[in-house]
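J.: Given the coordinates of chain A, assemble chain B onto it according to the supplied hints.
Letter by letter, the chains look like this.
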Amino acid sequence: MTNTSDTWLLKVEGLTKIYGEPNENSVRLTGPLFGSNICPETDCIVACADINLELFPGEVLGVVGESGSGKSTVVRLLYFDLESTAGVAYFSRYGNGTLNILNESGQKKRYMRNHLMGMVYQNPKDGLNFRFSSGGNIAEKLLMAGNFNVGRIRERATELLEQTEVPVRRLDDSPASFSGGMQQRVQISKAIANNPPLLFLDEVTTGLDVSVQAKVLDMIRTLQQELGIAMIVVSHDLSVIRMLTDRTLVMKNGRIVEQGLTDQILQDPQHPYTQLLVSSLL
Amino acid sequence: MIPSFKKFNSRFNFAFIDENTKREIRRKLLKAICLPGYQVPYSSPEMPIARGWGTGGLHVTLSVIGKDDVFKIIDQGSDASVNACNLRDFVHRVTHCRVTFDTHAATLIQTRHRIPEEQLNDGQILVFQVPQPEPLRAVERYETKTREMHGEADYARMWVSLYEAFVRYGDIMQGAGYPVMVNGRYIMSPSPIPRWDVPNLHQSDCLYLFGAGREKRLYAIPPHTDVVPLEFDDVKFRIEQFPGIRCSLSGTGGAFMDELYNDLGHFRHVINDSDFLDKLVEHKTRPQQWSNKYLQQVLDEMNANPDLES
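Residue numbers (numbering that gives the first Met the number 0), protein chains in the order written: chain A, 0 to 281; chain B, 0 to 309.
Hints were generated in silico from the structure; no laboratory data involved.
Remember, it's a predicted structure, so these values are computed and weren't measured experimentally.
Incorrect hints may appear among the rest.
[Said to hold, decoys possible] Partial list, derived from the structure: chain A residues whose beta carbon lies under 7 Å from chain B:
{"#": "1", "residue": "E53"}
{"#": "2", "residue": "G105"}
{"#": "3", "residue": "Q106"}
{"#": "4", "residue": "Y110"}
{"#": "5", "residue": "H114"}
{"#": "6", "residue": "A138"}
{"#": "7", "residue": "L142"}
{"#": "8", "residue": "M143"}
{"#": "9", "residue": "F147"}
{"#": "10", "residue": "G150"}
{"#": "11", "residue": "V167"}
{"#": "12", "residue": "D172"}
{"#": "13", "residue": "A175"}
[As the list claims (entries may be wrong)] In silico SDA-like cross-links for lysine to any residue, where the CA-CA straight-line distance does not exceed 20 Å:
{"#": "14", "chain 1": "A", "residue 1": "K108", "chain 2": "B", "residue 2": "R22"}
{"#": "15", "chain 1": "B", "residue 1": "K144", "chain 2": "A", "residue 2": "S104"}
{"#": "16", "chain 1": "A", "residue 1": "K107", "chain 2": "B", "residue 2": "R140"}
{"#": "17", "chain 1": "A", "residue 1": "K124", "chain 2": "B", "residue 2": "R140"}
{"#": "18", "chain 1": "B", "residue 1": "K292", "chain 2": "B", "residue 2": "H265"}
{"#": "19", "chain 1": "B", "residue 1": "K215", "chain 2": "B", "residue 2": "R22"}
{"#": "20", "chain 1": "B", "residue 1": "K235", "chain 2": "A", "residue 2": "S104"}
{"#": "21", "chain 1": "A", "residue 1": "K107", "chain 2": "B", "residue 2": "E147"}
{"#": "22", "chain 1": "A", "residue 1": "K107", "chain 2": "B", "residue 2": "R22"}
Ideal Cβ placement from N, Cα and C applies to all residues, glycine included.
Okay, chain A solo, but in the shape it has when bound (with noise of 0.2 Å):
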């Protein structure tokens, strides 16, 4: 295979992340297999191993798994918040996708999360400064864009939190004294305020009550379909999967477990794990 881009957006290879200090055998003795993802070996702790994937252009693909199973580990290490083990990633969009985006120096890095990519956590508090108003968040985003002009700045952060229904009267508070769902909307707005090509979505509607869940995706997936953003849904929620997602990865102890278009997964799961996660459906 070629590290030309003319398909996919992004592709993974062997993604790994390790916590402490492993040895030969420790991605060998760990996984669903062993229903464990602490080496017996050295008690090193293997988050996610030997993860590939690939996300084209427009494409939402979800990750599901139950909790420590590694799929926040996943996006958090595309999105450069932890440094990985091993691995390599490639992203048509930087440097024609010939270049392992997870080598580049914190510099290039910064350059790919501000402009290329954009990022909602599950917790607010993760993706937005609570000390600065909520027009400043958005600001941060295009500031380190080189977009110097506050007029702009504001018609910009305006334009998106009506895209996003927050209040434009509250353009200058502090998403502190926000309520979970409109907090969890101007991160949004901030994850999207330079039109990246490549969205990842952490968790992002728990913890939030019904109705405002409901809310949050239908906006998410009106964005998704005007603006064609790429996106990595992370959820242990398979009805928020199954309403955003084209394709979906499960996720076990760190692995990869299966893999496919997500109706196919809920309707008919090969693996033992799916079929437990799609019986215990509510």
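T.: Frame of chain A, contents of chain B only:
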């Protein structure tokens, strides 16, 4: 035959600090000059005054001073404040260098929070006493983080804090110590000089050295370096405005003013730079001031309305 070393005739070395330590500080200063705006850590040795009371400036002054230097020191523009007098006496006692009030005659000037109103020239050195060298401290508490931010030129939060100030107050409120971008690379705190002085850092003929003794950092702006105050495309940096205000002693304007209050609560304005004021009042001459577009605007306005009362 043993030569007679002069240093044994005195109770301390020339310029107080021992030669090895001076050499260390000079090496760090050279590094600072090579990397304009970059904060170089240094030893900050003990001095007879407490750290935070001008030790950074003294370290730099005493490391670079030579026997032929003519020394001047100002504290917020004044040659006569207690801080300036004491440090001047100290430097004179440990070096026997000539000291002066005359900005033009001085070769080495130490300053606390002002740049002299009179233009500095090729060959002159201005040493700043810096209380807080880290411009990012207000947005990031941790030194390890701020160093990383400088290393990667990650200045988003600095810009957001300016944006926030504009949103909240309608203008960038930072008064003293306005952050500047040096040589297109590092954001630097120019020490708490008023905004009035900030444009004078840009493309100057003289060398600027900054010493922060308590924080143990040195940095520098070499001559002819680009120093640009942070501003937005549509919200510009401005210097302090003294519209129609004249100095009550010299009757002129176009210089940074102090407001002096009397017991009745009335106030009058006096030019802050004492040497500049002396030259205006006693010698009836206006020394050559800095040329920058902000000051030019002020001077043009003043000359257009010459009859305004003080």
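J.: Of all the hints given earlier, name the ones this structure violates by number, lowest first.
T.: The structure breaks hints 1, 4, 5, 11, 12, 13, 14, 16, 18, 20, 22; every other hint is satisfied.
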